[in-house]
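Enquirer: Chain by chain, the residues run as shown.
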Amino acid sequence: MKLARLIACAALMASASVAAAAPSAQSILAASDAIRNPDRPFALTVTLVEYRNAKQVDSNTLTVYSKADASSGQFRSLIRFVAPARDANKLMLKNGNDLWFFDPSSKASIRLSPQQRLLGQAANGDVVTVNLAKDYQAQMAAEESVLDGDRQTRRCYKLALAAVSADVTYHHIEMWLDASTSRPVKARFYTESGQLLKTAYYRRFQPQLGVERPTETVIIDGLDPNWVTVMRYSDYAWRDVPEVWLQRDYLPRFKPE
Amino acid sequence: MRALILALLATTLPALAADEDAAALLLADQTSAAAETSRDWRVFVEAAAREARPQGPGLAQHGTRLSVDARLDKTFAPGWRAVFADRLDMERLAGDTGNRNINTLKEAYVSWQAQPDRIADLGRINARNGVAMGYNPTDYFRAGALRSVVSLDPASLRENRLGSAMLRGQQLWTGGSLTALYSPKLTDNTSDRAFSPDWGATNQSDRWLLALGERLSTAFNPQWLLSGGQGQSPQLGLNLTALPNDATVAYFEWSGGRSDSLAAQALKGPDDAAFRSRSSTGLTYTTPNNLSLTAEYEYNGGALDENGWNGLRHGPPAAYAQYRGYVANLQDPATRHNVFFYAFWQDVLVKHLDLTAMVRYDVGDRSRLHWFEARYHWSRVDIALQTQLNNGDPRSNYGVVPERRVWQALVRYFF
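Protein chains in written order, with the working numbering: chain A, 28 to 284; chain B, 1138 to 1552.
There may be inaccurate statements among the hints.
In silico DSS-like cross-links for lysine-lysine, where the CA-CA straight-line distance does not exceed 25 angstroms [to be verified]: (1) K1488(B) to K117(A); (2) K94(A) to K161(A); (3) K82(A) to K1488(B); (4) K282(A) to K1211(B); (5) K161(A) to K185(A); (6) K117(A) to K1211(B); (7) K282(A) to K94(A); (8) K1405(B) to K1322(B).
One-sided and incomplete, this derived list gives chain A residues near chain B with beta-carbon spacing under 10 angstroms [what the hints assert, rightly or not]: (9) Q83; (10) V109; (11) A112; (12) S136; (13) K282.
Derived from the structure by calculation, the hints contain no laboratory data.
Bear in mind that the values here come from a model prediction, so they are computed numbers and not experimental data.
Glycine included, C-beta positions come from ideal geometry on N, C-alpha and C.
Can you build the whole structure from these sequences, using the hints too?
Expert: See the structure below:
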């Protein structure tokens, strides 16, 4: 009996050491999140350029201030519209599914549902940063070579992400992460029924706030591949975002430097 | 054969997808790298032509309008901010002897943020509350605020109005805030002069307001208000929103307190003070293709009920006109029960084409106001066509409007 227990213990320890050697899907996803998302409150500029049938049809510029919630780990963001001129200085607050839009001209704070889109193809959740490891359960689906956004062949882990709560923009995601660096390479986002909503390529990695981060995401529509949005990130900076700013009542007050 | 087709599809589809992805990445390569920089101001000019056809027989009236709208929001020292918003409407009516120019000084105030969580403001401020779309009973500073109406779109009515002179302070904490403001009486006299700041329209009595917002959970963020002033009993207000599902926002806005009925106030009738409620209850549903549909029920406990309304509208015209003028100045519904529908569809069929439709329906007399707008925009230019149709019996809420059908075409240029 004692021998059997010893064998069982040895087997358990052996399996634990194997698990420690191969990183879990969830930890790879968390490492990838850390590459996309600075670990302190920050600000950046997002420029969205939208194409239809290879012609540019729209362009928007936003300034995004983000801070992770200490308890949930998820980001809350204040978004200021910079361009075009008609939308200048309008604001949006995103705290999970709690979305508020504020127009300084009419002083109206309007609550939005997650389905309401202000920016064409991009869902409101696309323009702010998200810690996927907090909202999705990851499983290793494959290890394969794929062409990345800069047309380099990369050895990648393909992860299958399933939403752990209903409060997320996408029901499930296929994500390819660089097997050696955990960099995000490519993702496909799906509805509950399995319909492809969009494909995203993460590219143009540059040192930003101490880490090599993607400075561009190319989004291709799932139904109409000729509908393409290029999201470019610039002006990364550490910015203090006091907790009191992240609420509806502060929107009329928000005046970034 | 079927197996062969399936096998062919299986091999060709990934290749097609790869081609599409490659084409998309090529487009991204060609995207300009320059990001726009933020500005402290927004200025636009708008030119409009209008045709109004009367309810009965008669010729259509034509007019034109040129408007200049400017807004500046400037940080001039650390923690100090100056806000200025102004609009000039220059109207010309065919056949009219005079021209009508109206300037609306919407806001002019300074703001001092002593600490990140403590702010004070002084000047003319458009202090607006309310989560509803069509009628905002907790928007306590709306009375007398409209100086020039260029569109019946609720968004335009909220934007193109006078703020009130006030001193306002706000204390914030995590998930909540308390706002207190005091708006003093400045003068009794309103002014029609083109460039008058018209303090008499917005500051005819001493008023105050307390607003408390507290997020009880991510989903539940109520706002409580208490408003009062010279010659009025305190009014309590509540704003609530909820998210029943990913596509729907539900809202409830309520204000209640002792007050005379609007009829007693307008017609100088006997004191009939009682506790009266006003509320707006609505839903906004957004379809997967981004069409947002709002339905709102509006209740005004201070307005005439169906019997009272029928009595007034079939009675002396002077009393009827006096009542209507009084409630219009307050921006309150004239009757007890109203329904409001609003639809907004962004990027309809083609990119940059937005459609907006609105219906106001008076449940008591079954009159209706319809308003529709098609707007196409480029990066700096908007063009829009608007039409308005008033239906109903003579002297009904909307049937009495002298114009049955109004068309307006406009072009707006953003600098």
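Enquirer: Against each hint, give a clear statement of whether it holds in the structure.
Expert: Going through the hints against the structure:
1. K1488(B) to K117(A): Satisfied, since the Cα-Cα distance of roughly 21 angstroms is no more than 25 angstroms.
2. K94(A) to K161(A): Within the cut-off at roughly 15 angstroms; holds.
3. K82(A) to K1488(B): Holds, because 12 angstroms separates the two Cα atoms, which is no more than 25 angstroms.
4. K282(A) to K1211(B): At roughly 9 angstroms apart (the allowed maximum being 25 angstroms), K1211(B) and K282(A) satisfy the hint.
5. K161(A) to K185(A): holds (18 angstroms)
6. K117(A) to K1211(B): This hinted pair holds, its Cα atoms lying about 15 angstroms apart.
7. K282(A) to K94(A): holds (17 angstroms)
8. K1405(B) to K1322(B): Between K1405(B) and K1322(B) the Cα gap is close to 22 angstroms, so the pair holds against 25 angstroms.
9. Q83: Result: holds, 8 angstroms to nearest chain B Cβ.
10. V109: holds (5 angstroms)
11. A112: At about 4 angstroms, which falls below the 10 angstroms cut-off, the nearest Cβ of chain B leaves the hint on A112(A) intact, so it holds.
12. S136: This hint holds: S136(A) lies near chain B, its Cβ roughly 8 angstroms from the closest one there, short of 10 angstroms.
13. K282: holds (6 angstroms)
No hint from the list above goes unmet by this structure.
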